[in-house]
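Could you build the full structure based on these sequences and the hints that come with them?
For the protein sequence lines, the chains are A and B, in the order given.
Residue numbering for the first sequence follows my numbering, starting at 6 and increasing by one per position.
Residue numbering for the second sequence follows my numbering, starting at 6 and increasing by one per position.
Heads up, some of the hints might be wrong.
Because identical chains share one entry, a pair is satisfied inside a single copy or across any pair of copies.
Unchecked claim - When the alpha-carbon atoms are kept at most 27 Å apart in a straight line, the in silico DSS-like pairs for lysine-lysine are as follows:
| no. | residue 1 | residue 2 |
| --- | --- | --- |
| 1 | Lys169 | Lys136 |
| 2 | Lys36 | Lys143 |
| 3 | Lys169 | Lys205 |
| 4 | Lys205 | Lys165 |
| 5 | Lys136 | Lys37 |
By construction, these hints were calculated from the structure, which means they are not laboratory data.
Number of protein chains: 2
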Amino acid sequence: MPDLLKDRNYLTQLIHERQTVLTIGLDTDVKKLPTVVGSDVLAFNKAIIEATQDLCIAYKINFAFYESLGLKGWDILEKTIQEIPSNHLIIADAKRGDIGNTSEMYARSVYDTLGCDAITVSPYMGRDSVKPFYREGKWVIILALTSNEGSDDFQKQELKSGQKLYEQIMETTSQWGSAENTMYVVGATHPDDLKLIRNKYPDHFFLVPGVGAQGGDIDAICEAGLNSRGGLLINASRSILYAGGESDFAEKAWKEAMRLNGIMYPHIADKMDSKG
Amino acid sequence: MPDLLKDRNYLTQLIHERQTVLTIGLDTDVKKLPTVVGSDVLAFNKAIIEATQDLCIAYKINFAFYESLGLKGWDILEKTIQEIPSNHLIIADAKRGDIGNTSEMYARSVYDTLGCDAITVSPYMGRDSVKPFYREGKWVIILALTSNEGSDDFQKQELKSGQKLYEQIMETTSQWGSAENTMYVVGATHPDDLKLIRNKYPDHFFLVPGVGAQGGDIDAICEAGLNSRGGLLINASRSILYAGGESDFAEKAWKEAMRLNGIMYPHIADKMDSKG
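Right, here's the structure in full:
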């Protein structure tokens, strides 16, 4: 893997070249594979990556799906990462976060051992749980307002200050890094909140899961969240991976990615600076 | 591994038999191993487990330290778990938590593939991120007030309701499970809070990290947190693992565990029901 600095300018350039902010989530479930690949998760991932690599700017690896297979899954995880072409951001969707010396170990795992460019981090344990993930040329993607139902339980709790918890978390953590090395997870199921968040944080990139199987509206997300640098990574997983159930799975994945790009394209053409 | 139901009564029985609530954290750092084991993390863990198994009721495996070694580390993690005698609680200290289908995959990994009895879970993403970890005979250990410096950043934020965030999290999540299947992480660095928490939750078990290297006071913790069933798992990691730096490492680990037990014993004798 070449030692490429995937900084903010580089991401903007990728978005400009490919006219998409699509991120593909490799949440590959061995129980949902088409019969043509049997139980070969790696072969499936390879075919998906080959079919979709020109239609996305990032791949997001959901660690849980690999860990559930034990040692074999970890091997597939490592080999899947090696299959991703270097001109993509590789996101470890691992939701890690622990006391300082332990977060440092997770950082080593994800950056040094696996070669990922970014990691999703849970902020609940505070500063010493997040800061060890900052490294030159790497992205820390902090959970702010997630796409799932349970995001209402705590993230939207109102604080004494009047802010919601996720707002406080963004305000505090945005001091620990900058728009050059910090992204936030903002679920596609909260387009109105995304608009407010974009107003407050004009320069940050947001990772937006929850379109496709979870029902988020891409038009609304692009409208609320795109900025002149792109500024979004919109993730789809299941809707692409399992678009086709049989030997056509890679072609159907390509078609679904094309379809999503078709929705994103006019917004990108409209909102991004023409020179990229 | 025998199919033993490690429920609350069983834990209380273990505590009564061994007169300790010590949990040993296997945060094994390959860079800190004594020269006598070279870089053989598994051999080190085996020796530590053999030396200390009669002096603790649980082992807590810190996943980060194994993941940092990649595929080899995952292999060592699996083999370490197989080395732990069945009459101990095996805790996956993994701080997992994600949307429902992903948490379900983490649960499969930790319970089915690895055979652990309990997992630490980050509550930030809410109900569908936590509930998939509930399984008959398993323990969900929810982060409430952690031992690290950064626990002040968000966990102690005051909500509009007047409660602190961690209090709200305990109140809400205590409805999702019961004292029979839910524990909370309460750091040893907050003995005064532990006392208040114990008053509010008389029946729950608490996993208490932060003694030893992090400076928590065992007497204060036992005083504040023990109940008639035991009700605590007090974790020590570095202070036991690295008590001796050379070929005496297992003996020194044993001595340090003995020393910690010596501090716990009078409190246990005082607070627990005599019949266990």
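Each hint tested on the structure:
For the homomeric pair Lys169 and Lys136, the shortest alpha-carbon distances inside one copy (22 Å) and between copies (23 Å) are both at most 27 Å. Within a single copy, Lys36 and Lys143 get their C-alpha atoms only as close as 33 Å, which misses the 27 Å cut-off; across copies the closest is 24 Å, which meets it. For the homomeric pair Lys169 and Lys205, the shortest alpha-carbon distances inside one copy (14 Å) and between copies (26 Å) are both at most 27 Å. Taking CA atoms no more than 27 Å apart as the test, Lys205 paired with Lys165 passes in both settings, with 20 Å inside one copy and 22 Å between copies.
In the homo-oligomer, the alpha carbons of Lys136 and Lys37 lie at most 27 Å apart only across protomers (23 Å), although the nearest pairing inside one protomer, at 37 Å, exceeds that limit.
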